[in-house]
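Per numbering that gives the first Met the number 0, the very first residue in the sequence shown carries number 0; after that it's consecutive.
If you're looking for bench data, these hints aren't it; they were derived computationally from the structure. Where is the CB? At the ideal position from N, CA and C, for every residue including glycine. Don't take every hint at face value.
Below 25 angstroms or equal to it, Euclidean Cα-Cα: the simulated PhoX-like pairs (lysine-lysine) are [as the list claims (entries may be wrong)]:
| hint | residue 1 | residue 2 |
| --- | --- | --- |
| 1 | Lys-112 | Lys-158 |
| 2 | Lys-48 | Lys-76 |
| 3 | Lys-112 | Lys-83 |
| 4 | Lys-112 | Lys-76 |
Label-pair distances were calculated between CB atoms; the ranges are [stated by the list, open to error]:
| hint | residue 1 | residue 2 | range |
| --- | --- | --- | --- |
| 5 | Thr-177 | Asn-113 | 19 to 29 angstroms |
| 6 | Pro-134 | Ser-81 | 13 to 23 angstroms |
| 7 | Asp-87 | Pro-43 | 17 to 27 angstroms |
| 8 | Arg-24 | Thr-52 | 40 to 50 angstroms |
| 9 | Glu-96 | Asp-142 | 35 to 45 angstroms |
| 10 | Pro-95 | Gln-143 | 26 to 36 angstroms |
| 11 | Glu-96 | Pro-31 | 22 to 32 angstroms |
| 12 | Pro-199 | Glu-30 | 17 to 27 angstroms |
| 13 | Ser-75 | Thr-177 | 24 to 34 angstroms |
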Amino acid sequence: MILKSTFFFFSFVVSLVEGQSRCSRPLFPEEPNIDVIVDNPSCPGDYGKLIQTSDGGYFRLMCCTHQPSGITSVGSKGSVASYKDCLDLCLSDANPECDSVTYDVGRTCGFYKNGGFSNEPCGNDEHDWLYYIDPPPQPAANDQIVSCSTECPTAHGQKYVSEFGELFHMECGKRHGTIPFHQEHQDTYRDCIDACANVPKCSSVDYSNRTLTCYYGTHSGGPPVDAPGYYSAYSLGCAGACEKGDDGCDCGGTKKCRGRGAGDNSHDEL
């Protein structure tokens, strides 16, 4: 009998110590102003801190905290390995309404909608509360922007309407890297883009700032290759093509695009 009583007393003490080891008291009375992001969160050390999810969203971790009253459960799943796995499940297509979760010591993940800050203690200190928040602001350097520039580095990320009415997106320090169907000397990056617009099958260019060589390509989309000595551009179609008119999207009545109407200067033979 004494042995049995001693066992239960020891179990109670262990449970109490474990509860104290993962809980922070008192709970925050209001939303904390904490923007520290943790990769492998644990309680109580990361109480109130942020967890970034795989889609770039953020949740705040509230250790040993009960979900707010009045919110709706939208499901649960057992045997979830970590906080992050629980949050990724919440944000998956399988749980379109989920924006907050409970995660307990038994690795059960509970999904909720319309969640938010809570300071209601968890009755048994066995589960935590995590809710979606606005992304924390982060410092960002301002880009050097020169309107209508076609010279790098200020042309990076800008749009250029060629002489033939075709709209191009420009990127500095990048190269498409695909096999060109033609290459030739062009004095400037702008000349290279205009020449592409004058060739019906040209969709993109790479331009060597060192050799002044213009490489004409058919790749559609952004350049994937980092190349500090190169500039690139790719077509977005006719400028103004998506301006809403009586007939919806079109290139307009008099716009020249893809080299059409270029006359004797056309590169149609390419």
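Exercise for the section: Kindly confirm whether 35 to 45 angstroms is satisfied by the beta carbon distance between Glu-96 and Asp-142. Expected result: 38 angstroms, holds
Exercise for the section: Go ahead and decide if the range 26 to 36 angstroms is satisfied by the Cβ distance of Pro-95 to Gln-143. Expected result: 41 angstroms, violated
Handout entry: Status of the given 13 to 23 angstroms range, CB of Ser-81 versus CB of Pro-134
Key = 21 angstroms, holds
Handout entry: Straight-line alpha-carbon gap Lys-112 to Lys-83, limit 25 angstroms
Key = 18 angstroms, holds
Practice task
For the pair supplied as a hint, Lys-48 and Lys-76, confirm whether the alpha-carbon distance does not exceed 25 angstroms.
Solution key: The hint holds at about 24 angstroms.
Practice task
Mind checking the hinted window 24 to 34 angstroms against the Cβ distance between Ser-75 and Thr-177?
Solution key: 49 angstroms, violated
Practice task
Starting from the hint 17 to 27 angstroms, judge whether the C-beta atoms of Pro-199 and Glu-30 obey it.
Solution key: 58 angstroms, violated
Problem - Hint consistency between Lys-112 and Lys-76 [alpha-carbon to alpha-carbon, up to 25 angstroms] - result: 15 angstroms, holds
Exercise for the section: Could you tell me whether the CB distance from Arg-24 to Thr-52 stays inside 40 to 50 angstroms? Expected result: For Thr-52 against Arg-24, whose Cβ atoms are near 28 angstroms apart, the range 40 to 50 angstroms is violated.
Practice task
Kindly confirm whether 19 to 29 angstroms is satisfied by the beta carbon distance between Thr-177 and Asn-113.
Solution key: With a Cβ separation near 48 angstroms, Thr-177 and Asn-113 fall outside 19 to 29 angstroms, so the hint is violated.
Exercise for the section: Confirm or reject the claim that Glu-96 and Pro-31 have a C-beta distance inside 22 to 32 angstroms. Expected result: 26 angstroms, holds
Problem - Agreement of Lys-112 and Lys-158 with the hint, judged by alpha carbon distance not exceeding 25 angstroms - result: 41 angstroms, violated
Hints 1, 5, 8, 10, 12 and 13, counting from the list given before, are not met by this structure.
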